[in-house]
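Novice: In case you want the letters, here they are:
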Amino acid sequence: MSLLRGLLGMELIGMWERLFLDCQERFALLDSALILDVPLGVISRIEKMGGATSRGENSYGLDITCKDLRNLRFALKQEGHSRRDMFEILTRYAFPLAHSLPIFAFLNEEKFNVDGWTVYNPVEEYRRQGLPNHHWRITFINKCYKLCDTYPALLVVPYRASDEDLRRVATFRSRNRIPVLSWIHPENKTVIVRCSQPLVGMGGKRNKEDERYLDVIRETNRQVNKLTIYDARPNVNAVANKATGGGYESDDVYHNAELFFLDIHNIHVMRESLKKVKDIVYPNVEESHWLSSLESTHWLEHIKLVLTGAIQVADRVSSGKSSVVVHCSDGWDRTAQLTSLAMLMLDSFYRSIEGFEILVQKEWISFGHKFASRIGHGDKNHADADRSPIFLQFIDCVWQMSKQFPTAFEFNERFLITILDHLYSCRFGTFLYNCESAREKQKVTERTVSLWSLINSNKDKFKNPFYTKEINRVLYPVASMRHLELWVNYYIRWNPRIKQQQPNPVEQRYMELLALRDEYIKRLDELQLANSAKLSDPSASPSSPSQMMPHVQTHF
Amino acid sequence: MFSLKPPRPTFRSYLLPPPQTDDKINSEPKIKKLEPVLLPGEIVVNEVNFVRKCIASDTSQYDLWGKLICSNFKISFITDDPMPLQKFHYRNLLLGEHDVPLTCIEQIVTLNDHKRKQKVLGPNQKLKFNPTELIIYCKDFRIVRFRFDESGPESAKKVCLAIAHYSQPTDLQLLFAFEYVGKKYHNSASKANGAPLGAGGGSSQKTPLFETYSDWDREVKRTSASGWRVCSINEGYMISTCLPEYFVVPSSLADQDLKVFSHSFVGRRMPFWCWSHSNGSALVRTALIRDVLQQRKIEQRVYNAITKSHPQRSDVYKSDLDKTLPNIQDIQVAFVKLKQLCVNEPFEETEEKWLSSLENTRWLEYVRAFLKHAVELVYVLESKRLSVVLQEEEGRDLSCIVASLVQVMLDPYFRTITGFQSLIQKEWVMAGYPFLDRCNHLKRSEKEAPVFLLFLDTTWQLLEQCPAAFEFSETYLAVLHDSTRVALFGTFLFNSPHQRVQQSTEFAISKNIQLGDEKGLKFPSVWDWSLQFTPKDRTLFHNPFYIGKSTPCVQNGSVKSFKRTKKSYSSTLRGMPASLKNGIISEQELRPRRNSLILQVKPAPLEPRDSQDWGVEQFFQEWASRPADLHGTILPRLSGAHIKLWKLCYFRWVPEAQIQHGGFITAFHKLSLLADEVDVLSRALRQPRGGPTPAPGPELAPSRLYFHAGGPYDASGTLDFLSSSFPFSPVGNLCRRSISGTPLSKFLSGAKIWLSTETLANED
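Quick mapping for you: the protein sequence lines, in order, are chains A and B.
Residue numbers for the first sequence follow full-length UniProt numbering, beginning at 1 and rising by one.
Residue numbers for the second sequence follow full-length UniProt numbering, beginning at 1 and rising by one.
By construction, these hints were calculated from the structure, which means they are not laboratory data.
Fair warning: there could be bad hints in the mix.
Said to hold, decoys possible - According to the in silico footprint, chain B covers these stretches of chain A (three or more CB under 8 Å from chain B):
| id | segment |
| --- | --- |
| 1 | 88-98 |
| 2 | 179-185 |
| 3 | 396-409 |
| 4 | 486-494 |
| 5 | 508-522 |
Beta carbons are placed, not taken as given, at the ideal position from N, Cα and C, and that holds for glycine.
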């Protein structure tokens with residue numbers, strides 16, 4: 001709070017007793033002038049600062065590091081034991097896992113008039129894509145998560161691959177994450193397939209079933225004779241993975257495949273990059289060398305690489321050149337980014353609110369992006385090397401796309417920010433746990449509320465007024481540093497100096513005009529009524545003005 | 001490379017009249033007599049046939065065949081070939097699609113790839129080889145490339161030399177504008193007497209030009225500037241040749257005093273009034289007092305007079321611009337670097353270090369510096385209620401930007417099209433901004449600097465941040481910038497109003513033009529947009545986001561809920577930093593929850609801070625915490641993250657940077673349709689409804705918007721031709737891959753270099 005104290009002149013010392021914990025979910029400070037409301041889930045680390053001998057106004061208190069790029073600092077008086085108590089209570093509820101307490105989502109009794117858990121039904125989604133068909137079948141081989149414990153129960157695989165084939169392929173893919181279909185092009189029938197790296201190892205192991213399996217995938221589409229494999233990693237990383245038993249599909253063995261590396265770095269690089277972003281935006285925004293500081297974080301460069309990779313995947317599939325296999329090491333971080341972004345570019349359905357929810361639910365949640373490890377829900381180990389802002393990076397890419405195509409997405413910026421806020425908040429069950437099998441075990445859908453319940457029960461708030469529904473339009477964003485921007489409304493929203501215009505003035509203007517139009521139409525109708533009442537001859541009166549007005553499409 | 005070239009057309013058929021058939025199957029290239037469209041006074045100097053204009057950088061299949069002409073106004077490429085890739089959505093009536101005005105040419109490079117020679121052409125230079133290629137670098141960031149593989153070598157060479165010669169005239173009066181106006185006078189003299197062009201002409205009539213006493217008088221009255229008067233001592237430019245004939249001074253200063261004082265100021269530019277705030281604080285510009293001994297005394301007298309003109313007798317705040325802002329050389333250096341980065345360097349190579357390279361140009365830093373300084377002065381004028389004097393050595397460059405920006409921020413009138421134009425007349429044209437030198441129309445001055453562009457850029461930043469506060473669009477600003485390169489308009493041709501009178505009188509005498517009572521020739525005004533654009537294209541200037549004074553949205557009580565007083569700024573939230581509103585808490589959630597305690601936090605007394613910075617900061621915070629008043633003051637957000645590169649202006653010719661079917665224009669399009677529908681409805685409502693009058697159709701009142709409901713572009717979905725470059729198109733304007741592979745940067749540093757054959761031998 002020292003930041004706010006400095007800027008707003010707030011006196012916050014000695015107000016610990018006034019901090020309050022609400023239902024173990026959030027803590028808040030309320031005042032007529034200031035409201036601070038932080039879900040406990042967002043806390044990454046709590047530290048005591050200063051000791052009994054500390055001097056100076058703000059040197060004694062608590063420092064709270066949050067997952068959403070801010071730090072909160074509370075200064076308090078040294079008398080009594082208020083700090084110790086506060087520290088203990090906060091630690092206990094912010095990190096329930098270490099204290100054998102349930103995560104808040106399991107206690108949340110919120111009721112919504114829509115059930116978000118019903119949004120995603122894999123069978124329906126595959127049916128929407130026209131599956132199963134002659135070449136692709138739906139299999140329940142993973143019903144009990146025996147084939148692959150991090151994959152969903154329901155998978156789409158080539159028709160010509162038997163369950164036995166799948167089992168053999170699984171032995172050759174890291175964590176048994178076999179190549180399965182993510183998306184099929186409605187016309188040219190090329191597909192996006194996702195998987196993990198092959199277990200080639202130092203010895204250059206081969207697996208005939210895996211080789212044949214990829215060839216079967218290639219053959220589901222007759223137009224081309226090569227299958228394209230995108231390995232999301234930089235070439236050197238892929239080579240290095242051989243040392244730990246992984247690797248990539250070499251040309252000598254996979255004759256009918258072309259392999260490309262997409263140079264996207266691993267979770268550790270991304271985590272460090274985001275740390276640097278935080279350094280330049282919080283607590284103070286770097287002023288004099290903003291652009292070069294931003295460059296030195298490499299955040300936008302990583303965004304660019306992810307988008308460039310997704311564009312390549314989308315282009316390959318859309319131009320009908322070939323089917324595409326995407327993998328990284330385990331196929332749950334970069335792979336999820338690439339397949340979901342490519343699908344967002346290719347399929348306008350995913351650009352609607354529900355479509356996007358389905359996309360997240362499918363490519364991220366059901367296919368085992370390790371949300372629990374990457375975010376560390378309720379876990380006090382803030383330095384865990386497994387944490388990484390992979391999903392945030394994906395949402396950032398989506399935001400970049402929505403900036404370049406302001407009419408293409410049904411949802412607005414608030415929708416994306418809300419998703420990110422609840423990625424950490426632990427108020428909903430949506431992002432809990434690492435995979436479907438764990439979620440099933442914990443009965444997440446029965447015991448928690450879905451984030452989509454919140455959003456879908458109040459959709460208007462999350463709608464982009466400029467949305468123009470389109471079908472079959474592929475979006476190709478320009479993945480150039482000239483167009484990529486730091487998402488100020490997200491990353492710098494905590495800085496009181498960076499006043500954001502809320503709501504967005506352009507959106508607001510549109511809403512005003514909509515209201516004005518409705519008002520005018522209403523008044524014209526009233527005038528019309530009055531006129532026609534006056535005029536006894538109805539044939540002479542003009543038709544309803546609102547009918548004469550050229551109709552403007554306003555999609556809602 | 002030349003595998004796709006069509007059969008060489010026969011010379012015989014070229015001389016024949018154009019074939020009348022529309023037979024597309026004919027494999028022979030259709031040969032027509034290609035004639036340039038010429039303006040009055042325009043003559044063709046040289047021309048060459050069978051020229052290929054390069055369209056794409058990696059293939060020649062889209063190239064166009066035609067004739068290249070050099071006139072005394074432009075280079076013109078005339079072709080019959082349709083252009084499948086080029087999608088322009090506006091047309092300049094003075095220029096063809098492929099034309100470049102001579103004054104827009106930055107550099108001319110000729111090369112011969114057989115002999116491996118290239119040369120940057122200056123005026124009166126010899127060319128020792130026959131060029132096979134001509135590359136024109138334009139001041140507006142375009143790069144145009146022509147190939148002469150099939151043309152007569154001698155005529156190709158002649159055209160290149162002609163372009164070099166005519167684009168670098170030795171004298172102001174050799175600029176085409178003189179020929180054009182002279183011709184107009186002659187033509188009108190032979191028909192009837194009287195001015196041929198009117199005062200600025202047609203649609204510009206609304207824009208006050210500030211050439212007359214009454215324009216200044218009206219401005220004084222409009223701003224209720226009591227204590228100020230229009231003074232006529234400079235009639236006939238008797239006092240200063242770089243001040244307007246009429247300007248506004250404190251009422252308490254007598255003409256006689258002013259005359260005496262004037263000698264002490266650089267350029268005899270004594271303090272003159274720009275604008276008055278409704279609180280009485282005035283904005284004044286002045287040059288430096290040269291005479292050190294007299295400085296104190298004169299300054300005292302003048303400042304006392306300004307104080308006397310203030311209703312509260314407030315003090316005067318002096319802002320020394322030379323000390324606080326980058327100078328014009330800095331600005332020029334930044335601009336050259338920016339241009340280098342945006343269009344000359346290879347796209348991919350600049351990607352990695354884009355942000356730091358952009359920072360290194362310092363362009364955005366300067367944009368920010370000017371905005372920041374203007375905000376500080378707005379604070380002084382509005383909050384401290386002091387009159388502000390802008391002091392600059394000559395007072396003709398930085399003062400123009402700062403004075404204009406302050407007024408754009410404070411006075412909504414200057415955010416309308418007419419108001420903005422009058423502002424440019426008042427603070428730039430009449431105040432003696434040296435357009436001739438800064439635009440470098442004569443290409444030999446060391447005084448080139450894009451000060452005016454910098455102003456347009458800073459205005460764009462405001463427009464970007466407060467879109468609803470401006471009547472004009474960013475297209476308008478870009479087109480206005482382009483118009484400075486056409487050099488047909490008196491507006492942007494001279495260093496001062498006096499120079500116009502002097503030069504054109506001289507010219508008139510030499511050409512035997514009777515001027516009558518007129519002071520100099522009347523050049524066309526840029527504000528007469530009908531000279532350049534059709535009414536339809538001019539609708540592109542209108543910003544559909546604009547909320548005008550008359551827009552019922554604000555005044556209409558019945559749509560109260562959409563007044564600009566936002567509900568979210570309810571009393572409980574006032575004073576809370578926007579950052580928190582922006583966060584997790586939604587409006588409903590702000591209500592105290594069950595069992596919650598309402599906490600009391602005592603606001604600490606504000607730390608007293610004396611510095612101006614603190615005051616400005618506070619002023620800004622207060623402004624930002626109020627609901628936006630689009631008819632009051634607008635202030636820009638100044639953090640590094642908020643000052644942006646004006647992409648439409650700088651990237652519109654760069655194909656790689658173009659977002660196909662995307663960009664802000666798609667939202668603009670959508671909003672235009674709605675805004676137009678609202679316009680139509682509001683007209684229908686205002687229509688008197690006594691009796692069975694037919695309701696007015698939209699066709700009776702043309703829409704103010706380019707995209708309108710029921711119009712040809714009222715298609716659902718995103719229109720194919722929309723792109724981030726709209727209405728411009730990069731296709732065909734930039735072929736950067738070669739000068740046979742040499743980085744173009746080498747040619748644009750201004751050095752006229754020869755490349756050794758070794759350098760070229762290494763290239764493919």
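Novice: Taking beta carbons only, do three or more residues of the segment 88-98 of chain A come closer than 8 Å to chain B?
Specialist: violated (count 0)
Novice: Taking a Cβ-Cβ distance under 8 Å as contact, does the segment 396-409 of chain A have three or more residues in contact with chain B?
Specialist: holds (count 5)
Novice: Using a Cβ cutoff of 8 Å, are there at least 3 residues of the segment 179-185 of chain A near chain B, or does the coverage claim fail?
Specialist: violated (count 0)
Novice: Quick check: do three or more residues in the segment 486-494 of chain A have a beta carbon closer than 8 Å to a beta carbon of chain B?
Specialist: holds (count 6)
Novice: Between the segment 508-522 of chain A and chain B, are there enough contacts, at least three residues with CB-CB distance under 8 Å, for the coverage claim to hold?
Specialist: holds (count 12)
Comparing the model with each earlier hint shows violations of hints 1 and 2; every other hint is respected.
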